[in-house]
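Just so you know, the sequences run in chain order A and B.
Numbers in my numbering are just positions in the first sequence, counted from 1, shifted up by 15.
Numbers in my numbering are just positions in the second sequence, counted from 1, shifted up by 429.
Keep in mind that the hints were calculated from the coordinates and are not lab data.
Glycine is no exception: its CB is placed at the ideal position from the N, C-alpha and C atoms.
Any given hint could be a false lead.
Stated by the list, open to error - Mimicking BS3-like on lysine-lysine, the simulated pairs with C-alpha atoms at most 27 Å apart in a straight line are: (1) 982(B) with 856(B); (2) 763(B) with 641(B); (3) 752(B) with 856(B); (4) 982(B) with 937(B); (5) 937(B) with 883(B); (6) 856(B) with 912(B); (7) 692(B) with 38(A); (8) 38(A) with 763(B); (9) 122(A) with 763(B); (10) 763(B) with 687(B); (11) 86(A) with 122(A); (12) 122(A) with 984(B).
Claimed, not checked - The following label-pair restraints were derived from C-beta to C-beta distances: (13) 709(B) with 51(A): 43 to 49 Å; (14) 57(A) with 630(B): 49 to 55 Å; (15) 105(A) with 947(B): 18 to 24 Å; (16) 689(B) with 102(A): 54 to 60 Å; (17) 42(A) with 675(B): 55 to 61 Å; (18) 101(A) with 792(B): 40 to 46 Å.
Spelled out, the chains give:
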Amino acid sequence: MAQQKTILVADDESHILHVVSLKLRNAGYRVLTANDGQEALELAQQERPHLLITDYHMPQLSGLEVCRRLKQDPSLPHIPVIMLTARGYHLEPQDTEQSGILKMLSKPFSPRQLLATVNDVLEGKSRAEAPDVAGTINPTVKREAV
Amino acid sequence: MTNEAANIPVHPVEPTVLPPAVLENLAARFRPGGLFLVVLRPDGQVAYHDPGAGPFFERYVLPLLQARDAAGVMPRDRVEALMSTTAASPTTAPAVWQLPGVSVAAFPHAEKRQAGGVIALAAKGNTFGLVEDVQRACGQLGLDAQWLFNQADELPAYGDEAIRRQGRLLASTLRDQVRLTGLENELNSLTGQLADTYEELSLIYQVSSGMKINRRASDFFRQACLDVLEVMNVRGMGVTLNVEISNRPEPALYGQMKLPQQKVARLAEELTAMLWEVKGPLLVNELAEDRTFGWLGRHARRLLAVPLQRQEQILGCLFALDKEDGEFDSVDTKLLNSIANESAIYLENAMLFEDVHGLMMGLLHSLTSAVDAKDAYTCGHSERVALVSRHVGQQMGLTDRDVEQVYMAGLLHDVGKIGVPEAVLQKTGKLTVEEFEQMKRHPQIGARILQDIKQMREIIPGVLHHHERYDGRGYPYGLAGEKIPLMGRIICLADCFDAMTSNRTYRKALPLEVALTEIRRCSGTQFDPRLTEVFLMTRPEGFYELLRDHQQKSKKLRELQESLRTKFD
Numbered sequence: 016m017a018q019q020k021t022i023l024v025a026d027d028e029s030h031i032l033h034v035v036s037l038k039l040r041n042a043g044y045r046v047l048t049a050n051d052g053q054e055a056l057e058l059a060q061q062e063r064p065h066l067l068i069t070d071y072h073m074p075q076l077s078g079l080e081v082c083r084r085l086k087q088d089p090s091l092p093h094i095p096v097i098m099l100t101a102r103g104y105h106l107e108p109q110d111t112e113q114s115g116i117l118k119m120l121s122k123p124f125s126p127r128q129l130l131a132t133v134n135d136v137l138e139g140k141s142r143a144e145a146p147d148v149a150g151t152i153n154p155t156v157k158r159e160a161v
Numbered sequence: 430m431t432n433e434a435a436n437i438p439v440h441p442v443e444p445t446v447l448p449p450a451v452l453e454n455l456a457a458r459f460r461p462g463g464l465f466l467v468v469l470r471p472d473g474q475v476a477y478h479d480p481g482a483g484p485f486f487e488r489y490v491l492p493l494l495q496a497r498d499a500a501g502v503m504p505r506d507r508v509e510a511l512m513s514t515t516a517a518s519p520t521t522a523p524a525v526w527q528l529p530g531v532s533v534a535a536f537p538h539a540e541k542r543q544a545g546g547v548i549a550l551a552a553k554g555n556t557f558g559l560v561e562d563v564q565r566a567c568g569q570l571g572l573d574a575q576w577l578f579n580q581a582d583e584l585p586a587y588g589d590e591a592i593r594r595q596g597r598l599l600a601s602t603l604r605d606q607v608r609l610t611g612l613e614n615e616l617n618s619l620t621g622q623l624a625d626t627y628e629e630l631s632l633i634y635q636v637s638s639g640m641k642i643n644r645r646a647s648d649f650f651r652q653a654c655l656d657v658l659e660v661m662n663v664r665g666m667g668v669t670l671n672v673e674i675s676n677r678p679e680p681a682l683y684g685q686m687k688l689p690q691q692k693v694a695r696l697a698e699e700l701t702a703m704l705w706e707v708k709g710p711l712l713v714n715e716l717a718e719d720r721t722f723g724w725l726g727r728h729a730r731r732l733l734a735v736p737l738q739r740q741e742q743i744l745g746c747l748f749a750l751d752k753e754d755g756e757f758d759s760v761d762t763k764l765l766n767s768i769a770n771e772s773a774i775y776l777e778n779a780m781l782f783e784d785v786h787g788l789m790m791g792l793l794h795s796l797t798s799a800v801d802a803k804d805a806y807t808c809g810h811s812e813r814v815a816l817v818s819r820h821v822g823q824q825m826g827l828t829d830r831d832v833e834q835v836y837m838a839g840l841l842h843d844v845g846k847i848g849v850p851e852a853v854l855q856k857t858g859k860l861t862v863e864e865f866e867q868m869k870r871h872p873q874i875g876a877r878i879l880q881d882i883k884q885m886r887e888i889i890p891g892v893l894h895h896h897e898r899y900d901g902r903g904y905p906y907g908l909a910g911e912k913i914p915l916m917g918r919i920i921c922l923a924d925c926f927d928a929m930t931s932n933r934t935y936r937k938a939l940p941l942e943v944a945l946t947e948i949r950r951c952s953g954t955q956f957d958p959r960l961t962e963v964f965l966m967t968r969p970e971g972f973y974e975l976l977r978d979h980q981q982k983s984k985k986l987r988e989l990q991e992s993l994r995t996k997f998d
């Protein structure tokens, strides 16, 4: 790895922060953590991480709001986002597209899968272009009712 | 760290929690005060010293600590004496050693409750003014005394009480550091466990969300095995079932480990037999030495198997072979057990579903046979219409569920004939207007028969509208075009196709080509042109053979019926 990549992890539940940080640090990433949306926003502006992993439900600012504001900030480079949500929760496709959200993972997520996704986003190029949002793609094949 | 540990007379510092980083940190903290951190092993040798303390410490204090002192005491004895002192807690009273011109505060530390050595802080002593002593020591060490005085000039001097105070400070700081490191380790270990739990939870979620009743059992179990392989880090993950279920997977092993199929089958068989007795998880950590599974020792070392169990019944088992990192433990057992429980629920549901579904289909077939039997010349007709309807439904790209509905509607399309007098059904000549009216009522009678069965409601349109014509000249409602439900249009086509290709009282079966030409001719008038196009394009020859076969069997059945009838009449 040429240069150590920095990942900002934001969640108000500290156990999630611990689990995610441990997994990512062990894999050689530099990890910063934030306990709420406001802190996440400030840290992101200051540290310019290569990737943001954020919870959706957070005090101060929601994860989605953080993404929007980062996206609107012209002084920042594009920061890809992996969003963690409660199971069964879906974001509208336009929200995810407008906010740079590449991937959504439902809690309880598999840390291994999260790491694989992070590696994919940061090391591979294929994924970064195509948003892959689970559950939002419905094949629109017209079928007649029987 | 517990309170109990804090009460142990020797300082409870474990070497595992005294990593270099902690020592560096401590050394750096005391360095500005002219204090020198040293760790001595039980034999008196230096295990660690502050690397940034400067020449006075490195060239004078360090050798001094490792040399016989003025009273002739060896460093080893000094350390041993200190370590055997259990009188005072090191935090309240570290020992003070006076070496020529140097004050040392020292306390013992334990390594896992065994004496591990001494941690010491050394500084210029207030005895540094006793020039002769220092000069003598310099002579012994081969140092230039004047150089040493210059080096020590700026350093603060510590008397007994001052160095003891610093020692006490070191001890409490160290204890905090150790506690902190311990907590950090504990946090990391808990976080690691938590991450494992997340992994398990997400696995269990994944497996249970795959528990769709209409999923093929073999698909379900293959996926479950692959999911477990991901999480458990084992070299082989297998499954075997010993229940009657369609699409039952053969005993299988997934993962890196490759075993010949007959060995997988043997393992599956022996495991199943074993689990009937154990009725719980089976763990073998040395296969080569095992009485039952010794033969497997050539391929694998460790085995963990859990039964798929409902009540007292063993439905099958899941088995894992060779964990990548060591022995199987209770965590693995728990995880595999959860997966087995989930899978057993799936399996039981799938079996119940098949049971009920089989019973229902059996009843439907007997019902339609009863209907067909009323009319000697339509024997087996309902089943053939169901087969053709299913074929057309599939060709139309309907969902599996809809295809199934179309099949059932085909099966039951003539059920209303129960309400039509046999005299009308079996009449060989032309029907009178009145008789034809009676005949035309059968779709509505059929719909009425089915309407009270909740599960059958969706197929009613197929039954009710199978005599509608695309041009609107059919019955009972004279619906036209797309107004006729698709199911009705499909069954209409299938019904006519089978009627033409079967023997009737008034004519022999038409050859396939003639029937197809007729269907083409009636496309757009009697039949939905879209359907006829799909139907004709799919080369009906293939299943036509199947239908002929079916007709032959039906014919034999009919002959049997006839002979029975003549016997009893």
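Checklist entry - Okay, residue 57(A) versus residue 630(B) on CB: inside 49 to 55 Å? => result 32 Å, violated
Checklist entry - Given the proposed pairing of residue 763(B) with residue 641(B), does the C-alpha separation stay at or below 27 Å? => result At roughly 24 Å apart (the allowed maximum being 27 Å), residue 641(B) and residue 763(B) satisfy the hint.
Item to check | Cβ separation of residue 42(A) and residue 675(B), checked against the hinted range 55 to 61 Å | outcome: 44 Å, violated
Checklist entry - Using the C-beta atoms of residue 689(B) and residue 102(A), is the stated range 54 to 60 Å upheld? => result Violated: the Cβ-Cβ distance is about 42 Å, outside 54 to 60 Å.
Checklist entry - Between residue 101(A) and residue 792(B), does the beta-carbon spacing fit 40 to 46 Å? => result Roughly 45 Å apart at Cβ, these two residues keep to the hinted range, so it holds.
Next on the checklist: So if I understand the rule, the pair passes when the alpha-carbon distance is 27 Å or less; does residue 122(A) with residue 763(B) pass?
Outcome noted: 21 Å, holds
Checklist entry - Is it true that the CA of residue 38(A) sits at most 27 Å from the CA of residue 763(B)? => result Holds: residue 38(A) and residue 763(B) sit about 23 Å apart, inside 27 Å.
Item to check | Holds or violated: residue 982(B) to residue 937(B), with C-alpha atoms at most 27 Å apart | outcome: 17 Å, holds
Next on the checklist: Run the distance test for residue 86(A) versus residue 122(A): straight-line Cα separation, threshold 27 Å.
Outcome noted: 25 Å, holds
Next on the checklist: Check the hint pairing residue 763(B) with residue 687(B) against an upper bound of 27 Å on the C-alpha distance.
Outcome noted: Between residue 763(B) and residue 687(B) the Cα gap is close to 25 Å, so the pair holds against 27 Å.
Next on the checklist: What's the verdict on residue 982(B) and residue 856(B), does the C-alpha distance respect the 27 Å limit or exceed it?
Outcome noted: 24 Å, holds
Checklist entry - Is it true that the C-beta distance of residue 105(A) to residue 947(B) lies inside 18 to 24 Å, as the hint says? => result This hint is violated: roughly 52 Å between Cβ atoms.
Hints 3, 5, 6, 7, 12, 14, 15, 16 and 17, counting from the list given before, are not met by this structure.
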